[in-house]
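Here's the letter readout for the chains.
There are 2 protein chains.
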Amino acid sequence: MTLARLNNLTASLQTSNLDAVILNPGPTLTYLTGVQFHLMERPVILFVAPGQDPVLVLPELEMLKVEMFPYKVQAFAYGENPSEWDAAFRKASQALGLDGKRIGVEPRQLRLLDFGHVKAGAPESEYPDASEVLTGLRLKKDKAEVDAMRRAVKIAQDALEATIPLIKIGMTERELSSELVIQLLKHGSDPELPFSPIVSGGPNSANPHASPTERKLQVGDLLVIDWGAAYDSYISDLTRTFAVGEVDDEYKKIHKIVQESNAAGRAAGKPRVPCANVDKAARDVIEQSGYGKYFTHRTGHGIGMEGHEDPYMRGDNMQLLEPGMAYTVEPGIYLPNRNGVRIEDNVIITEDGADVLSDMPREIRVVG
Amino acid sequence: MTLARLNNLTASLQTSNLDAVILNPGPTLTYLTGVQFHLMERPVILFVAPGQDPVLVLPELEMLKVEMFPYKVQAFAYGENPSEWDAAFRKASQALGLDGKRIGVEPRQLRLLDFGHVKAGAPESEYPDASEVLTGLRLKKDKAEVDAMRRAVKIAQDALEATIPLIKIGMTERELSSELVIQLLKHGSDPELPFSPIVSGGPNSANPHASPTERKLQVGDLLVIDWGAAYDSYISDLTRTFAVGEVDDEYKKIHKIVQESNAAGRAAGKPRVPCANVDKAARDVIEQSGYGKYFTHRTGHGIGMEGHEDPYMRGDNMQLLEPGMAYTVEPGIYLPNRNGVRIEDNVIITEDGADVLSDMPREIRVVG
Numbered sequence: 001m002t003l004a005r006l007n008n009l010t011a012s013l014q015t016s017n018l019d020a021v022i023l024n025p026g027p028t029l030t031y032l033t034g035v036q037f038h039l040m041e042r043p044v045i046l047f048v049a050p051g052q053d054p055v056l057v058l059p060e061l062e063m064l065k066v067e068m069f070p071y072k073v074q075a076f077a078y079g080e081n082p083s084e085w086d087a088a089f090r091k092a093s094q095a096l097g098l099d100g101k102r103i104g105v106e107p108r109q110l111r112l113l114d115f116g117h118v119k120a121g122a123p124e125s126e127y128p129d130a131s132e133v134l135t136g137l138r139l140k141k142d143k144a145e146v147d148a149m150r151r152a153v154k155i156a157q158d159a160l161e162a163t164i165p166l167i168k169i170g171m172t173e174r175e176l177s178s179e180l181v182i183q184l185l186k187h188g189s190d191p192e193l194p195f196s197p198i199v200s201g202g203p204n205s206a207n208p209h210a211s212p213t214e215r216k217l218q219v220g221d222l223l224v225i226d227w228g229a230a231y232d233s234y235i236s237d238l239t240r241t242f243a244v245g246e247v248d249d250e251y252k253k254i255h256k257i258v259q260e261s262n263a264a265g266r267a268a269g270k271p272r273v274p275c276a277n278v279d280k281a282a283r284d285v286i287e288q289s290g291y292g293k294y295f296t297h298r299t300g301h302g303i304g305m306e307g308h309e310d311p312y313m314r315g316d317n318m319q320l321l322e323p324g325m326a327y328t329v330e331p332g333i334y335l336p337n338r339n340g341v342r343i344e345d346n347v348i349i350t351e352d353g354a355d356v357l358s359d360m361p362r363e364i365r366v367v368g
Numbered sequence: 001m002t003l004a005r006l007n008n009l010t011a012s013l014q015t016s017n018l019d020a021v022i023l024n025p026g027p028t029l030t031y032l033t034g035v036q037f038h039l040m041e042r043p044v045i046l047f048v049a050p051g052q053d054p055v056l057v058l059p060e061l062e063m064l065k066v067e068m069f070p071y072k073v074q075a076f077a078y079g080e081n082p083s084e085w086d087a088a089f090r091k092a093s094q095a096l097g098l099d100g101k102r103i104g105v106e107p108r109q110l111r112l113l114d115f116g117h118v119k120a121g122a123p124e125s126e127y128p129d130a131s132e133v134l135t136g137l138r139l140k141k142d143k144a145e146v147d148a149m150r151r152a153v154k155i156a157q158d159a160l161e162a163t164i165p166l167i168k169i170g171m172t173e174r175e176l177s178s179e180l181v182i183q184l185l186k187h188g189s190d191p192e193l194p195f196s197p198i199v200s201g202g203p204n205s206a207n208p209h210a211s212p213t214e215r216k217l218q219v220g221d222l223l224v225i226d227w228g229a230a231y232d233s234y235i236s237d238l239t240r241t242f243a244v245g246e247v248d249d250e251y252k253k254i255h256k257i258v259q260e261s262n263a264a265g266r267a268a269g270k271p272r273v274p275c276a277n278v279d280k281a282a283r284d285v286i287e288q289s290g291y292g293k294y295f296t297h298r299t300g301h302g303i304g305m306e307g308h309e310d311p312y313m314r315g316d317n318m319q320l321l322e323p324g325m326a327y328t329v330e331p332g333i334y335l336p337n338r339n340g341v342r343i344e345d346n347v348i349i350t351e352d353g354a355d356v357l358s359d360m361p362r363e364i365r366v367v368g
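Sequence lines, in order, name chains A and B. Just so we're aligned, residue 1 is where the first sequence starts under the working numbering, counting upward by one. Just so we're aligned, residue 1 is where the second sequence starts under the working numbering, counting upward by one.
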């Protein structure tokens, strides 16, 4: 499977204006090799150039990982002294004849640290942005990928259902977040979660990217839980919003609006429709309700091995949806310093429409 | 506290040849602000220039985080359309008068994505490596930091002790890893763990950076567990090696050698001694035993908010230890395709010696 993926990459390199691409630890590297490396102070770089075996630069202490590669790679290992690292990178680019050539990079993933060493090894090269070629590789999910995502959704939903009865008034956001993580692992998530759950109550729920705090759940709070599981490196990313005891009527109202917006966003996804339409469908509902200025983010993002990847459901994105594309639909209304609501589902485009992987009830539920 | 840290940074900038530094989400940004941002496709950058309020560029949807800053910052927010982002970065560098100046970067943390936007906003600037200034900030831990690390060690040790009775022959590495994560959270680790535990048995234990697999524990395996907790953003990073049932005499022998090497490494740490001495003390024991070529990595790394930070315990590192420096001592012997041993502790340099934060038994223990 990974060999077919590598062949796809080299085929698209041949029709691009790139002579090679370089990858550091992250989802694209894992996608192409099946091997896990960690991003750390010791750089790891895979060079891929059409017609040649890929070349890997890595620390000596990780040499055993070379045997885990599903195809032949030429490895250049370096020792612990950083002053010797550039030499390994020089050998790598020489082995592929890359100095002076066009070596594509992945700007969202590559650090200046990695780039500095690669450049020291091939100082005459150009380093154009290869995001388009690389993004294209992972954009359409095959059956095995969709099955893994489906499993990641099921694990996440089962874990939250198991957590809900444990929610109590006076519990802190952090306590609830820890309990949810425990349930995610018990229900079979990969030990490396895709992200740390967002558990935010009351005023914190009005911050879409809150980190769990020591604040205690109080009657009258809205409670936003944004969580996901990983299965076989594929992830889920869901959100539900709860009422802690009895809440203000306005909060029930905005919850209902977001629920309708989420339904409209889910319904808008089908092949050959621009991503912008999904955003518009969800946004129109909120704008027509008069809360438009409190929906402060795009409607969704692509999902697969990463929490945020192409395609993005943004008003300016005219990219057309195609079967196999996977993304979130996650409208929200955030009333600053008061309360917020978000409802998020995971969707896959099929041949004739869209398949919503998540089916946990979206109605407001009372907890605590 | 964070204001004092910011003042330290601006003071060291004034004696450096830098006009400013830029920080993206990561430990240095958290250290200086106390605010958590996630590294994602939307860049977040803090500009720090002496004599001026710091400037923050961030997505609009994160604007509420600006109120969480412990000092005044000037914020430039951008919307969801990436084509508008460079304009926010231009305003930020104009506000500080930075174009054409020397703006220091953190190459281990900054991505080409972040750097590209900063550069678009200040194209005439130079971007030297500011690692030395930034590393210096976090190098010596104060009492509150040491207390948090001590707590992170205690949580980790208690969690592993609670996990050991659950280890069974036939359990997979992944199952054991999940159980350990559950115990870490139950014992009070921050929900965001510093790293996913390494749980590697038999041949996998000979790979220092293994990821947990579906391999089942078997009698005769060595079992390496490398794990840590986080408390208040400060971490622990420990390793112990176990015997699954009865193991070969050679494995008991290498375990004993590594235990002696770890003790020698711990004993070598004190103020005004080069880091290289710690490495040499640990390495000499293994080399004299004839297993030198199987100790394939440095003896340790600094520890604090990150798993790997300065100072590094490497043979070529002549940096002198000073009170408040914190690091790991983690020698190992790895017999390729057979078994491996590592024993890792966390150490803080004091006024007159070193304080070892971890005290879990280091002797080989039989599990399963």
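Source of the hints: derived by calculation from the structure; they are not laboratory data. Check each hint, because a few of them may be wrong.
Identical copies go unnamed one by one, so any copy, or any two together, can satisfy a pair.
[To be verified] When the alpha-carbon atoms are kept at most 30 angstroms apart in a straight line, the in silico DSBU-like pairs for lysine-lysine are as follows: (1) 293 / 91; (2) 168 / 154; (3) 216 / 143; (4) 186 / 293; (5) 256 / 101; (6) 154 / 91; (7) 72 / 253; (8) 72 / 216; (9) 293 / 72; (10) 168 / 143; (11) 119 / 143.
Only a predicted model underlies this, so the values are computations on that prediction, with no experimental measurement involved.
Hints versus structure:
1. 293 / 91: Between copies, since 24 angstroms is at most 30 angstroms while 55 angstroms is not.
2. 168 / 154: Classified as both; 24 angstroms inside a copy, 27 angstroms across copies.
3. 216 / 143: Between. Shortest inter-copy distance 28 angstroms satisfies the 30 angstroms Cα cut-off; intra-copy 42 angstroms does not.
4. 186 / 293: neither (40 angstroms within a copy, 40 angstroms between copies)
5. 256 / 101: neither (56 angstroms within a copy, 52 angstroms between copies)
6. 154 / 91: neither (46 angstroms within a copy, 45 angstroms between copies)
7. 72 / 253: neither (59 angstroms within a copy, 36 angstroms between copies)
8. 72 / 216: Cα proximity of residue 72 and residue 216: across copies only (28 angstroms, versus 54 angstroms in one copy).
9. 293 / 72: between (54 angstroms within a copy, 26 angstroms between copies)
10. 168 / 143: For residue 168 and residue 143, the Cα distance exceeds 30 angstroms both inside one copy (40 angstroms) and across copies (35 angstroms).
11. 119 / 143: neither (38 angstroms within a copy, 41 angstroms between copies)
Violated hints, listed in ascending order, are 4, 5, 6, 7, 10 and 11; each of the other numbered hints is respected by the structure.
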